[in-house]
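So the sequence lines, in the order shown, correspond to chains A and B.
Anchor point for the first sequence: position 352 equals 352 in the numbering used here, and the numbering is continuous, going up by one each time.
Position in the second sequence counted from 1, then plus 1000, gives you the numbering used here.
It is worth saying that the hints were derived from the structure and are not from the lab.
Estimated spans, in silico, between C-beta atoms of each pair:
{"#": "1", "chain 1": "B", "residue 1": "K1405", "chain 2": "A", "residue 2": "D150", "range": "39 to 47 angstroms"}
{"#": "2", "chain 1": "B", "residue 1": "N1357", "chain 2": "A", "residue 2": "R364", "range": "51 to 59 angstroms"}
{"#": "3", "chain 1": "B", "residue 1": "Y1343", "chain 2": "A", "residue 2": "F361", "range": "45 to 53 angstroms"}
Only pairs whose alpha carbons sit at most 30 angstroms apart, straight line, appear in this in silico DSSO-like list of lysine-lysine:
{"#": "4", "chain 1": "B", "residue 1": "K1326", "chain 2": "B", "residue 2": "K1081"}
{"#": "5", "chain 1": "B", "residue 1": "K1081", "chain 2": "A", "residue 2": "K235"}
{"#": "6", "chain 1": "B", "residue 1": "K1235", "chain 2": "A", "residue 2": "K405"}
{"#": "7", "chain 1": "B", "residue 1": "K1235", "chain 2": "A", "residue 2": "K412"}
{"#": "8", "chain 1": "A", "residue 1": "K360", "chain 2": "B", "residue 2": "K1288"}
{"#": "9", "chain 1": "A", "residue 1": "K288", "chain 2": "B", "residue 2": "K1405"}
{"#": "10", "chain 1": "B", "residue 1": "K1360", "chain 2": "A", "residue 2": "K288"}
{"#": "11", "chain 1": "B", "residue 1": "K1178", "chain 2": "A", "residue 2": "K360"}
{"#": "12", "chain 1": "A", "residue 1": "K417", "chain 2": "B", "residue 2": "K1284"}
{"#": "13", "chain 1": "A", "residue 1": "K178", "chain 2": "B", "residue 2": "K1417"}
{"#": "14", "chain 1": "B", "residue 1": "K1282", "chain 2": "A", "residue 2": "K81"}
{"#": "15", "chain 1": "A", "residue 1": "K83", "chain 2": "B", "residue 2": "K1282"}
{"#": "16", "chain 1": "A", "residue 1": "K282", "chain 2": "B", "residue 2": "K1417"}
All of these numbers come straight from a predicted model, not from anything done at the bench.
C-beta: ideal position from N, C-alpha, C; glycine also.
There are 2 protein chains.
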Amino acid sequence: MAKNAFYAQSGGVTSVINASACGVIEAARRHKDKIANVYAGRNGIIGALTEDLIDTSQESDAAIHALRYTPSGAFGSCRFKLKGLEKSAREYERLIEVFRAHDIGYFFYNGGNDSMDTALKLSQIGSQMGYPLVCVGVPKTVDNDLPITDNCPGFGSVAKYVAMSTREAAFDVASMAKTSTKVFVLEVMGRHAGWITSAVGMADDEETPIPLVLLFPEIAYDEAAFLAAVDAKTKAHGYCCIGVSEGLSDASGRLLAEAGSKDAFGHAQLGGVGPLVAHIVKEKLGYKYHWAVADYLQRAARHIASGTDVEQAYAVGEAAVELAIKGHNSIMPTVVRVSQNPYKWEIGEAPLSQVANVEKFMPRDFITEDGFGITQACRDYLVPLIQGEEYPPFHNGMPRYVTLKNAPVAKKLAEFKL
Amino acid sequence: MAKNAFYAQSGGVTSVINASACGVIEAARRHKDKIANVYAGRNGIIGALTEDLIDTSQESDAAIHALRYTPSGAFGSCRFKLKGLEKSAREYERLIEVFRAHDIGYFFYNGGNDSMDTALKLSQIGSQMGYPLVCVGVPKTVDNDLPITDNCPGFGSVAKYVAMSTREAAFDVASMAKTSTKVFVLEVMGRHAGWITSAVGMADDEETPIPLVLLFPEIAYDEAAFLAAVDAKTKAHGYCCIGVSEGLSDASGRLLAEAGSKDAFGHAQLGGVGPLVAHIVKEKLGYKYHWAVADYLQRAARHIASGTDVEQAYAVGEAAVELAIKGHNSIMPTVVRVSQNPYKWEIGEAPLSQVANVEKFMPRDFITEDGFGITQACRDYLVPLIQGEEYPPFHNGMPRYVTLKNAPVAKKLAEFKL
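Build the full structure now, drawing on both the sequences and the hints.
See the structure below:
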């Protein structure tokens, strides 16, 4: 007997999280015998807690298909972390109550480490409360820091964006360096793991050499060594580009640019290390600089998403449904690298218990010995992830992204205060 | 009898200035009877002063063609302003000396207001010194502030980039606004003229409505009115995006973010008004914010250049040569808007004397009465300029841009100290 499915987007969105939503909903529509309807949480898990569900059956096939090329979270996301089963018992019980009221038998949670923990706990409490729920995580994070999966949907597109943007800016700086800007700094995302920083390294390759200095969150900031590296590159090539992680920290673990405020997960809200590093270069080396902070632009840049990333984002969404209806529970579909050259991948699966709250950092051998560059092993890992361009449709000079109707499902329960 | 031509790139580069270089060189190669060879200045006019000329005949047709899709200045640009004929007499005389030594009869200068002034003065001193030189300016500036021409090559691509990036970031913020970021700020270029700021306004259209507040350099910053506009949009739509010009100033003309340093032209070097405005919003309205400063990324983003812009950049380069060999002197090819709907354009020409050192600001009726948006007239003007995508070739996931050999021409003269 068919049950309904619940799908929600969690945490920072990406340019391809909607491609995963597309995969989930299109797969569900092919299995009407198992999944009657997909209800999406409006603003993520908050939609489930407040019984604010979106009826995706109101959306046309064309609208759902357009999610494949629309960045951001079409149903709304949220930063709202459920704690342990005891501390957040009220919330977990409410979720089961809502799911029971709407005959929801499948829970698809599209997010990162924290979300995988929530999905795991929900499957546990469902069993305890006599309401069995198939809980499947759908991996998503630009930070690329989920374990087991070879890479995380969302990352490849940011990687492509920062590598390409750095190359384009480098060409610009090279033109200006004789009399003007000699050092260009790009600040990139990645609080703890330097994957996005490493992607900046792909701006430089054999065919198009570009002098780069990278500042990883995994490598304690050493000002003297950093300045020596920048000075050497600038003297040798006339200019230098710097990619710096928002999470760059000194040897004591203190963030270089601590904004002082914290987000809902208790993470420090970052920003500003790019201009800081640029000022240090100017003050100590005297080079004229420019800096850029791409911020949301990097994770929303669907216009230049990686084709590989779009395909994998879609595939993990589709696989989540296929696995769930086969009864696989408390798992997350993963990307498995089958072969390196030619690059081949397939979908695997990992137990949520092995994924939840585990962060995957850059292996030390992906970073050059001096700490300022990427190794060939890193490059071999990264290059397949940025392959292919899957351009969105343009209309009147602008990308045409879909905005869904997001029609509500009628409520059945009393109000719930968050 | 064929003469050689000199071509140089001046000032801040763009994603399509090389398309103009491509137009110049390809046209010259079709007129070997008139133009024997094109020598490019290495690092702009400095290359002419120091007799550091690049022999473009060493480049294959394929390499020259690749300039059409390569951002930045392939021969190097510079920020080096020649002053009046008296103050800079030594430099002007040196230029004529170099041109005479290398049998250069044509001077093509690809730049903005200052460059058109240099080209004009050079044609005057050439006559005075008995060395007639055909001087043709090739318009280029992301600021879109040259007079007479309907628009400036370089601008349309930045316009497309900032409109598209704002739309993409707006989708991101809309997803997050329930529990996290509600206000997103994008700082854009444009020191005095708000053309690029106006382009942010195209992120919002009838099909894809987006709550926007724009801060133009032409409109004195009024904090109370600004905060009221942001608050109203955020309350009505749940989120708001802000586009702010780097040149935003208060009623007394003081820049909001004065970095204190000046560039070679005596312009203040700007940056940082984006984060400043974001902090004001947070402090006064309490909304969580993110901000981005695209900096060079916006003017180097050849990957998403406007098709119209690429065509026009090529056309003004090509026309410069065609006009020059017909003997038109001291002129600049312009873009003429022949019809609005359907958009049609053709190449015209303007005397350098009417272009040099004149800045074109936004007409007041392109900005809404409240000062925070664009009018329909502005939209009608802008929309044709961002039409079309002319993607560069990609290889291994990255755009393949050309780096020229830039072989030097043998020197004939004594050294010249700048």
